[in-house]
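Asks: Below, each chain spelled out in residue letters.
Protein chains: 2
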Amino acid sequence: MALEEAFTEFTRRDWESEPVDGTVQLAIVGTGGFARNRALPAIADGRYCSVTTLVTGSPDSAHTLAEEFDVEHVISYDAFRRGSHANSYDAAYIATPNGTHGEFAIAAAEHGAHVLCEKPLETTVERTREILEACADAGVTLMTAYRLQTEPAVRRTRELIREGTIGEVVQIQGGFSHPLLEYTSPDTWRLDPDLAGGGALVDLGVYPLNTIRFLLDCDPTGVYATTYSSGGPFAAVDEHVAFQLEFPTEVTASCTASFDAHAHSRLEIIGTDGIILIASPFGGVVPQEMVVESGDMRMEYTGPPVDEVCEEFDYFGYCVLTGTEPEPDGRDGLIDLYAIEAAYESAQTGRRVELALE
Amino acid sequence: MALEEAFTEFTRRDWESEPVDGTVQLAIVGTGGFARNRALPAIADGRYCSVTTLVTGSPDSAHTLAEEFDVEHVISYDAFRRGSHANSYDAAYIATPNGTHGEFAIAAAEHGAHVLCEKPLETTVERTREILEACADAGVTLMTAYRLQTEPAVRRTRELIREGTIGEVVQIQGGFSHPLLEYTSPDTWRLDPDLAGGGALVDLGVYPLNTIRFLLDCDPTGVYATTYSSGGPFAAVDEHVAFQLEFPTEVTASCTASFDAHAHSRLEIIGTDGIILIASPFGGVVPQEMVVESGDMRMEYTGPPVDEVCEEFDYFGYCVLTGTEPEPDGRDGLIDLYAIEAAYESAQTGRRVELALE
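So the protein lines, in turn, are chains A and B. All residue numbers for the first sequence refer to UniProt numbering, where the first residue is 1 and numbers rise by one. All residue numbers for the second sequence refer to UniProt numbering, where the first residue is 1 and numbers rise by one.
For reference, chain A alone in the conformation it holds in the complex:
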């Protein structure tokens, strides 16, 4: 594939062979910042989902939100668990703290609803397995909300890699830092290991982890990690993490994540015949800036703005409407939990931990 060709129709939805009719009615479970500021507007802008139900612990503010986005029902978490208004939604988007994903995802599945669950799927492999089993038993679609997988820069990068534009991939470097306490109070659930399942690795490191697995279409066989915490609000979790993944193709990925560093992200793939750099891939609003070197050719590209959250919900809706298994399925989310648990074990033992993926 010539480089020009790769960047023609940069934002094309290669997953959407043709538009389909219909809309998936959603319950939004958890009305925190991301649900309010990113998910609801993105769904409104999108094609295949609409929101009928808000599930919340803050009914007052959720009613305001419901009015703004024309949402019919506002119910409590308890009501959701009981199946209240379950006829009003086809699927549930789980956007609560990680450690509560399981109970809501399983409740949704038991009410016959498809599940789009935020990443990481849960806080442990064991709890994640329960989600997968519940969704399988109920025969509903389970998608892990890895929005990067529907992000044009990432999808075009995967195509370029597959086409051999940079030869064989040799090494990858990825990093994501986000100064959490500049945006959130220290009592955030993200710093509570029971609710979050960990710190920077779980919340931020999972982005390069999953994106690299997606790009390589391959799962790691081993991981080594170093974690640090300066105490204080970060005492119970990893404030900083550096981890190195090994893939069966002999590719290594060197990754970092931090809750307490300058806001920054990058992903660079080094191949035998070129490189691809995606600038700021993980920060939530991707500038679609890429650098590609292939042999003697170098290209800097800036694509048009795309709301990756809109892409993500439309992808989920399309999969549900067409009966397609999403690429970021339950197994995809489960494997990241394996890798996260192995990384924490490595940080404790100082040893490479093999990833015995089942």
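Derived by calculation from the structure, the hints in this document are not laboratory data. Each hint can be trusted.
A few chain A residues that face chain B, going by a derived Cβ cut-off under 7 Å, partial list only: (1) V170; (2) Q171; (3) A242; (4) Q244; (5) E250; (6) S254; (7) S258; (8) H264; (9) I270; (10) D273; (11) G274; (12) G350; (13) R352.
Heads up, the beta-carbon is just placed ideally off N, CA and C, and yes, glycines get one too.
Got chain A sorted already, so can you dock chain B onto it with the hints?
Replies: Only chain B this time, still in chain A's reference frame:
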């Protein structure tokens, strides 16, 4: 320090408090590509060194070189070992294969000559120690030829870090890949473990390793590494390496090096309040392109071209003439050998190896 101030007189030689009189007469030991194409022209352009003697295994071609650069003596390695023309040089620049550095550096010291020795100093910690001891016994200056340490982008970066421009350093990512066989035949000494001491880690990885130690002014306490080789010409050494360094300041450095990937290098320092990126720092001709983010400020800077090899020889000459101990001294080179040996041990055992630096 304001950012503007840091970039004023970008190429300033902060190590040269004032110019001094005199010239250090050099013997160039080894007349391979780097000596011919980079060192000799750089010395000719510089201020504090001149070449009086070429020491070579190829007298014919060296005579042509000697004419071109107006060098008085051309002698064999044996003659150098015996001290032939030792009165004609004050110092020796050792640019032979790594595994022969020791014999020539020690011979030079025994003839009373100061030593500028290419990196890595030798192939093992033990042999490196012998160089340090010989130079100490002879009372001569020993400098390891870490040219990056005299490179303006790196020196300005160290100043910015010291001034707190990016807050506290949290994480570093560095990489250097160079498709060796596009430039060199497969029988190169760089792929012979006895002569080279290793592969990509020794030849390329040492650049981010040493530069990061220089920038942090700190030695690593532990290292983890993964090495791969596809066999063939790379069978005896590491073709690719990924290694993760841990520093006592809880900084991690995630590094990669490859003999068989697209030519590329980069170094990125992530702090609590900013980042510094140096583009292509390790490729031999540094474009002096930097990106600095400090708080809300972002600056892209391209400095004027500087020949880092000229800087390096002038720094060495200045140190010898003023009796100053060079920063990249023997101990500096020795510590990288410790780190390299530890990294290879880690690659074999799959464990973090502590760096017990003496």
